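Enquirer: Given next are the chains, with one letter for each unit.
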Amino acid sequence: MPSVMGLFQSADTAAAAADRLQASGFGPTDYEVLTGAPYPEGAFGEDSGDHRLFIFPLGGAMIGFAVGLMVTAGTQLSYPLVTAGKPILGIPPMFIIMYEGTMLGALIFTIMGVIFESRLPNLTNDLYDARITEGYIGLVVRCEDNTQAETAQTTLAEAGAEEVKQQD
Amino acid sequence: MLEPLPTPAEIARDTFSRALGSSNAYRLTLLVLFVLFVGGVVGFAIRLGSGLEDRGPWAYYAAVFGFLFTVGQAAPMVSFVPRLARARWHGSLVRASQVVAVAGLLNVLLFLPLIWLVPSSAVRTTIWFDWPWGAPHFYDTIFVLMLVVNGFAFLWVQALPDLASLRVQSGGTHRVARLLSGSFIGTPKQWKVQRIGLAVLGGCYVMNFIFVQSIISLDYVMTLIPGWKSSMFPAFYSINGLLAATAMTIVVMAVIRRFYGLQAYITVDQFWNVAKIMLALNLAWAYHWWSDFLTSWYGRVPRETVVIIGTRSFGENTWLFVAAFVCCFVLPLLILMWNPWRKSVAGPTVVAVLSLIGIFIQRIIDYVPAFLNTQDPLDHELHEAIAIPWPGLPDVLIIVGGLAGAVFLVTWAVKCLGPLSNWEMQECVILRRNEKFLNAEVPYVIKPQ
Numbered sequence: 001m002p003s004v005m006g007l008f009q010s011a012d013t014a015a016a017a018a019d020r021l022q023a024s025g026f027g028p029t030d031y032e033v034l035t036g037a038p039y040p041e042g043a044f045g046e047d048s049g050d051h052r053l054f055i056f057p058l059g060g061a062m063i064g065f066a067v068g069l070m071v072t073a074g075t076q077l078s079y080p081l082v083t084a085g086k087p088i089l090g091i092p093p094m095f096i097i098m099y100e101g102t103m104l105g106a107l108i109f110t111i112m113g114v115i116f117e118s119r120l121p122n123l124t125n126d127l128y129d130a131r132i133t134e135g136y137i138g139l140v141v142r143c144e145d146n147t148q149a150e151t152a153q154t155t156l157a158e159a160g161a162e163e164v165k166q167q168d
Numbered sequence: 001m002l003e004p005l006p007t008p009a010e011i012a013r014d015t016f017s018r019a020l021g022s023s024n025a026y027r028l029t030l031l032v033l034f035v036l037f038v039g040g041v042v043g044f045a046i047r048l049g050s051g052l053e054d055r056g057p058w059a060y061y062a063a064v065f066g067f068l069f070t071v072g073q074a075a076p077m078v079s080f081v082p083r084l085a086r087a088r089w090h091g092s093l094v095r096a097s098q099v100v101a102v103a104g105l106l107n108v109l110l111f112l113p114l115i116w117l118v119p120s121s122a123v124r125t126t127i128w129f130d131w132p133w134g135a136p137h138f139y140d141t142i143f144v145l146m147l148v149v150n151g152f153a154f155l156w157v158q159a160l161p162d163l164a165s166l167r168v169q170s171g172g173t174h175r176v177a178r179l180l181s182g183s184f185i186g187t188p189k190q191w192k193v194q195r196i197g198l199a200v201l202g203g204c205y206v207m208n209f210i211f212v213q214s215i216i217s218l219d220y221v222m223t224l225i226p227g228w229k230s231s232m233f234p235a236f237y238s239i240n241g242l243l244a245a246t247a248m249t250i251v252v253m254a255v256i257r258r259f260y261g262l263q264a265y266i267t268v269d270q271f272w273n274v275a276k277i278m279l280a281l282n283l284a285w286a287y288h289w290w291s292d293f294l295t296s297w298y299g300r301v302p303r304e305t306v307v308i309i310g311t312r313s314f315g316e317n318t319w320l321f322v323a324a325f326v327c328c329f330v331l332p333l334l335i336l337m338w339n340p341w342r343k344s345v346a347g348p349t350v351v352a353v354l355s356l357i358g359i360f361i362q363r364i365i366d367y368v369p370a371f372l373n374t375q376d377p378l379d380h381e382l383h384e385a386i387a388i389p390w391p392g393l394p395d396v397l398i399i400v401g402g403l404a405g406a407v408f409l410v411t412w413a414v415k416c417l418g419p420l421s422n423w424e425m426q427e428c429v430i431l432r433r434n435e436k437f438l439n440a441e442v443p444y445v446i447k448p449q
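For the protein sequence lines, the chains are A and B, in the order given. If you're matching positions, the first sequence starts at 1 in the working numbering and goes up one per residue. If you're matching positions, the second sequence starts at 1 in the working numbering and goes up one per residue.
Everything labelled a hint here was simulated from the structure, so no lab data went into it. Since this is a predicted model, take the numbers as computed values, not measurements. All clues stand as given, with none of them false.
Straight-line alpha carbon distances no greater than 25 Å define the calculated DSS-like cross-link-like pairs of lysine-lysine that follow:
| hint | chain 1 | residue 1 | chain 2 | residue 2 |
| --- | --- | --- | --- | --- |
| 1 | B | 447 | B | 276 |
| 2 | B | 189 | B | 447 |
| 3 | B | 229 | A | 86 |
| 4 | B | 276 | B | 343 |
| 5 | B | 192 | B | 447 |
| 6 | B | 189 | A | 165 |
If we strip away everything but chain A, and leave its shape as in the complex, we get (with noise of 0.2 Å):
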């Protein structure tokens, strides 16, 4: 499927961009902005998408926990020994390790999430700009065929875009 990118100067000229693309016919998940900082979501109209982040630490620190339990709790009943008169399964020393086991199980499965949910290994050679990195925007138009990239075409470049790129 080709893809069209244009390239903004400005974030004004982007975001009327975006508002042209739309009336045109295009959805608000049909093309993709590529900045160099973060704008507030929607500033482009665009649909950013659903991510599933939270799960992850949370999922991570129930694991870790768990282990963390299973190690205090099993050791403390493999060696029954009576510490001071506290009890077996004596609350203190084993929440330092449940405590350890939940944060670093929060900790591993955080960094998961954060590699998973960006897609960093992307392997597609999807559009891009080094000047992006100094502040342009790159409205990136994922079309069906190629009529569709070349309404995609005129419309950035009708909106102000410096260059218009096209990949097949």
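With chain A's structure known, arrange chain B on it following the hints.
Expert: For chain B alone, coordinates are given in the frame of chain A:
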């Protein structure tokens, strides 16, 4: 009239040129630091020659670890707090604060010999209550590794967009950027995930930092001295860490500002705002020490007095305590209580350097007596206060080499990632407008929900 804001293009040009360029001064600095670090390795080898059976000779080594672990692991928190409060003045201090996390690599290496030096929890009164296996060595190692990994992950997620930009700007020749930036291109979803990732990792970091510092203070300091039971000490130890965080950030900021010529970006605003937090922490330092001291001074329980007063304040080591007290409380208060000095670059920088010196002395007071103690940690009380001796030649080499090693790593990382966070600076500019309000021009800051 407010000064005009830089454009994103100007920010990008200034940050990338400094990250991708190189100078002889930079290479010479790294060389000198490396030579000093090698000296530290020699000092370590001398100590290793005397074996790991006796803790005493390793007392200053432990103090260096304590200091670097406090400072290196604390600084990243400074970037998290303003972000949590949705402040918009912190963009130019983020890199200075987070980059210190790379010193964690050295901290892990410094920690390893300490595992062999302290006894297991079975032969001293610890929070582990005769835990059957691995306490405290195994679990403490995991704690230290966890905090260091958390620091690196926090730094990586924050620097991810900048690494991606460096990869593009260098044409793929920046090896670190190529390796670590993945395929980040700045889509709205990637920004959203990055923002939430930073919030989660930052939150985890604060929780881990306080907890790990408390555990280390108990296992490597307090429980090595017989009869010393203080609920204030772990809190005091952690307060040192929080103070070190602000102080180290200010020092790195001042150095970056001066040597990379970033006066236009790192302004008095950043120093002023962090200095206010630092002053509060200077006061908190004194308050925590006072709370510990007063109870013991008033109670006059011999086993407390010999440690808290005799060893740690007005006894054998008065001169060291007074130096720490003056550096961490008296001088900072006298300097930062005046607004013109607080609202400057020099005032907070001087206080930050003093605070770091004070914290280093405090770590000597913490670790050296604990490692020099020859009594059984299970004894009811310490019989005599422990005097802290001057460091020997191997100790001096270890102190200088350890500090140089940490500075080497931070200097390299600042150059490698860039002295400023390009995307955070650009975001600050994007979300700010200088507008007229009645007859005055004021900055409007957009805070998206």
